[in-house]
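Engineer: In terms of full-length UniProt numbering, the sequence shown opens at residue 1 and continues consecutively.
Calculated directly from the structure, the hints in this document are not laboratory data.
Every residue gets a Cβ at the ideal spot worked out from N, C-alpha and C, and that includes glycine.
Hints are not guaranteed to be accurate.
[Claimed, not checked] Heads up, simulated BS3-like pairs for lysine-lysine below, C-alpha to C-alpha not over 27 Å straight-line:
1) Lys20 - Lys50
2) Lys7 - Lys20
3) Lys50 - Lys26
4) Lys50 - Lys7
[Stated by the list, open to error] Computed spacing ranges between beta-carbons, pair by pair:
5) Ile24 - Gln73: 12 to 22 Å
6) Glu10 - Ser44: 17 to 27 Å
7) Lys7 - Gly27: 31 to 41 Å
8) Asn56 - Lys7: 13 to 23 Å
9) Asn68 - Asn36: 16 to 26 Å
10) Ile18 - Val40: 16 to 26 Å
11) Asn60 - Ala14: 13 to 23 Å
12) Asn56 - Ile18: 11 to 21 Å
13) Glu21 - His42: 12 to 22 Å
14) Thr41 - Ile18: 14 to 24 Å
15) Ser39 - Glu12: 12 to 22 Å
16) Glu11 - Glu71: 11 to 21 Å
17) Leu31 - Leu59: 11 to 21 Å
18) Glu12 - Phe70: 11 to 21 Å
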Amino acid sequence: MDKKTKKYSEEELAIGIIFKEFRISKGFSQLEAAGNEISVTHLSNFENGKTVISTNHFLNILQNINVNMFEFQNSLN
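Let's have the full structure, built from the sequences with the hints guiding it.
Structural biologist: In structure tokens:
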């Protein structure tokens, strides 16, 4: 892990990886998932465990792939 990612916990970074699994399973592209909320580059970094995004952005991109927070949270348990 490089210096830029050390400030985030493994759990925080794993959220993006799990998001990617949902996005792919639902058949959405990164462009569709990012929508007008974040850049595709930022989404890619999030999905690959390189950064985190704000809660507001996260909730909005979940909506873009038709996943609600309860469904996502259940996948963590």
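Engineer: Quickly compare the C-alpha distance for Lys7 and Lys20 to 27 Å and report which way the hint goes.
Structural biologist: 21 Å, holds
Engineer: Between Thr41 and Ile18, is the Cβ distance one that fits in 14 to 24 Å?
Structural biologist: 20 Å, holds
Engineer: Please check whether Ile24 and Gln73 have a Cβ separation lying inside 12 to 22 Å.
Structural biologist: The hinted range 12 to 22 Å holds for Ile24 and Gln73, with Cβ atoms some 19 Å apart.
Engineer: Given the hinted pair Lys50 and Lys7, is their alpha-carbon gap at most 27 Å?
Structural biologist: Between Lys50 and Lys7 the Cα gap is close to 11 Å, so the pair holds against 27 Å.
Engineer: Taking 11 to 21 Å as the hint, is the beta-carbon distance of Glu12 and Phe70 inside that range?
Structural biologist: 20 Å Cβ-Cβ, so the 11 to 21 Å window holds.
Engineer: Indicate whether the distance between the beta carbons of Ser39 and Glu12 respects the range 12 to 22 Å.
Structural biologist: 20 Å, holds
Engineer: Falls inside 12 to 22 Å, the C-beta gap from Glu21 to His42?
Structural biologist: 18 Å, holds
Engineer: Given a hint of 13 to 23 Å, does the C-beta separation of Asn56 and Lys7 actually sit inside it?
Structural biologist: 20 Å, holds
Engineer: Need the status of pair Lys20, Lys50: alpha-carbon distance at most 27 Å?
Structural biologist: Judged against 27 Å, a Cα distance of about 13 Å means the pair holds.
Engineer: Per the hint of 11 to 21 Å, is the separation of the Cβ atoms of Leu31 and Leu59 within bounds?
Structural biologist: Since the Cβ atoms of Leu31 and Leu59 sit about 19 Å apart, the hinted range of 11 to 21 Å holds.
Engineer: Honestly, do Glu11 and Glu71 meet the 11 to 21 Å range at C-beta?
Structural biologist: The hinted range 11 to 21 Å holds for Glu11 and Glu71, with Cβ atoms some 18 Å apart.
Engineer: At the C-beta level, are Ile18 and Val40 separated by a distance inside 16 to 26 Å?
Structural biologist: 19 Å, holds
When held up to the earlier numbered hints, the structure conflicts with none and fits them all.
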